[in-house]
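Given chain A, work out where chain B should sit, using these hints.
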Amino acid sequence: MGATLVRFASVSSQKGSTLCPEPLVQTSNTSLQSLNLLPEINMFPLDPSFSYNQDLQFHLLGRHLLFDELPFPIEQIHSHYLHGYLLYEKGIATSKNHLSCQRCGNDDPSLFASFACFRCKEDSCVYCRKCIMMGRVSQCTPLIRWTGPVPNVALTSHSFLEWEGTLSELQKQASKQMCGVVGKPKELLVWAVCGAGKTEILFEAIDRALQQGLRVCLASPRTDVITELSPRFERAFPKAGVVSLYGGHSELAAPSPLVLSTTHQLFRFEEAFDVIIVDEVDAFPYSFDPTLQFAVKKAATDQATRIYLSATPSKKMKRRVHTKQLEVIHISRRFHGYPLPVPEFKWCGNWSKLLKKGRIPPIIHKWIDNKLTSGVQSFLFVPTIDDLTTIHSILKEYPGIDSVHASDLDRIEKIRRFRKGEIRMLLTTTILERGVTVPGIDVGVIGADHEVFSSNALVQIAGRVGRSIGDPYGEVVYFHYGKTTAMVSAKREIKSHNQRAGFGTSR
Amino acid sequence: MNCLSCHEEQRLKLGWGDLFGRNDPLSVCSECSSMLERVNGEICRMCGRSFSIFPEQYRQGDLCFDCVEWGDVGNSITKNRSLYQYNPFLQEIMARYKYRGDAELVKLFEHDLRVLFKKEFKRTLLVPVPLSNERQYERGFNQAELIAKLIGKPFYKALERPVHEEKQSKKSKQERLQHAAIFTLNDEFRETITGADVTIVDDLYTTGATIQAAGKILLDHGARTVSSITVARG
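In the order they appear, the protein sequences are chains A and B. One gets the working numbering by counting positions in the first sequence from 1 and adding 1430 to each. One gets the working numbering by counting positions in the second sequence from 1 and adding 5 to each.
Simulated from the structure, these hints should not be mistaken for lab results. Hints are not guaranteed to be accurate.
As the list claims (entries may be wrong) - Straight line, CA to CA, 27 angstroms or less: simulated DSS-like cross-link-like pairs of lysine-lysine:
| id | chain 1 | residue 1 | chain 2 | residue 2 |
| --- | --- | --- | --- | --- |
| 1 | B | Lys84 | B | Lys103 |
| 2 | B | Lys154 | A | Lys1551 |
| 3 | A | Lys1746 | A | Lys1616 |
| 4 | B | Lys103 | A | Lys1551 |
| 5 | B | Lys158 | A | Lys1551 |
| 6 | A | Lys1616 | A | Lys1754 |
| 7 | B | Lys112 | A | Lys1551 |
| 8 | A | Lys1520 | B | Lys103 |
| 9 | A | Lys1913 | A | Lys1925 |
| 10 | B | Lys162 | A | Lys1551 |
Just so we're clear, the structure is a prediction, and the values are computed from it rather than from any experiment.
Next up, chain A with everything else stripped away, as it sits in the complex (with noise of 0.2 angstroms):
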């Protein structure tokens, strides 16, 4: 790692006032502040007779790094910000009252903490605690970026993409449609169901982008999406160069076309993608979390085509593709070309009463005997970490149950025994909502009436079931104490993909 500075020196030279850092100030008598304290930072008009160094340009291109991130003696990092080549930026930007991150774009007071920092030698240096997990980004950190020549890449008329298999007419329409939008600065959502097959959808478009030499990100707020298609893009993209940028493998040596990241990870980025797809754009955290979305804003250039996918958009991109603002393709059949399985409402009492005293609603206790004789498979969703206990300790006489929620570590190998067969019912928290898929499942909700589950938690949760072409039905129970309107919206919605996707109105 280059040496790390953060105090910054006035200095006068022939190009006028300017920043000098710490460790290269030849003079004692200067007085070195941090970043923060110094006034505007200037910018130098690009020397193009400087010959700058590529490493360098294919770290910093598109990125908004911080010194500690750069493996370049400082030296050399300074000379490119004199001739132009690349700019320090204050890391909060400080105004009266007013803090907010420039990587993050987080302003909320309670999320900005100071301590003295040995660095800067300031008794009260404001960090953000919003992303700190990406390294701590304070008053008297710079962020850097590149300001000098984007190579130019050579456009191609041969294709990058080496998939073999084929499309439904459905995608077929839905991949032309997305091709016409790809490289003019145009928003679209694709509003796919559970198991429509969206991915292969984006390749012809991924293609299309590459070939005029335009930059593509897929971005994902979950970590496992981008694991899981990585090894997908790869294959379909072997020579493009894929990158998957993720929690703990953040590497970016060269500069890519194409770049699988979560939504996290494009804090690191600026302005650097042409084409900006984001994957589950309705999933938790990106869709509470204003921080990602500036990520996401940040990371692509103002002309750039932005794509959403979903399976439920939430209320607010729903009312942009009513009142037109956002053009939307509709995929409401599945790959397979069976409908989607159709919630049953069945009124079980007081679960939430009953659960205190230790006992399950008959109507779900012979739900679940008979899921368990049966021998098919099962989730069942609940609403509460303290009512899964509950009703976990209650079943713990039956074999082949188990129970999984958000900060269970031994979440990933329970799901792997559940799709080996092994566990036979599986008891979960909403996490299963979405991502895991196994053939042939059942699918039950417990308290279906509860706050935690909103209509597009139903919604998701139902297209768990009927996932594969060999068993393209199945169960789909929602339990409650009193019908509750995102239950009956989340029925209404699934009906009228089925209707959109030409199944008729009966179930």
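Chain B in isolation, oriented as in the chain A frame:
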């Protein structure tokens, strides 16, 4: 107030204590707080390790085998007391605190640390374990110093660490036990230390090597007794 550790908003339950202003505002939610395993029950008289998580055969009376071993090589510490077991949850917190540099997290330990200090180390002089200049520059702060500051008593930077060396966590136990003198005394505090009961402050007690080395220097320079307080017991 949001939880310092998980950033979740806390649903406060108000009680009589709040009305009379006796409750400290909680910096940590009950869920995170419950993940911190306090060291309690029977402990090793010397190093403060809990016997409950420790196989019986490694125990000799009220000492653990490690401390018996320290007795053989020359023990410089009267006693060590730690707040919590170094469980995976605390390991994660410590990593975020030290290596990612989230200095604010130290506040998680404030209440328990003050209680422990009052109970075990009253009227002793606090000396935080120093970092080398390079390491402190890299982190931006010294984690032990922030912990010492939290106790709310004056502390003395009586020790210095002139050599920049590999992180303890990257060394084997053997290497740690064989360490050369890594600390020196800061001459400014020579008189303060002479005849004093000193408590060394650090984030973590694992093999005890760091604290033993620090204790030895302090004893060599006339401290009457040396003990130590740490947040975690590895």
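Quick rundown of the hints versus the structure:
no.: 1; hint: B:Lys84 <-> B:Lys103; result: 25 angstroms, holds
no.: 2; hint: B:Lys154 <-> A:Lys1551; result: 17 angstroms, holds
no.: 3; hint: A:Lys1746 <-> A:Lys1616; result: 18 angstroms, holds
no.: 4; hint: B:Lys103 <-> A:Lys1551; result: 18 angstroms, holds
no.: 5; hint: B:Lys158 <-> A:Lys1551; result: 22 angstroms, holds
no.: 6; hint: A:Lys1616 <-> A:Lys1754; result: 13 angstroms, holds
no.: 7; hint: B:Lys112 <-> A:Lys1551; result: 21 angstroms, holds
no.: 8; hint: A:Lys1520 <-> B:Lys103; result: 23 angstroms, holds
no.: 9; hint: A:Lys1913 <-> A:Lys1925; result: 17 angstroms, holds
no.: 10; hint: B:Lys162 <-> A:Lys1551; result: 17 angstroms, holds
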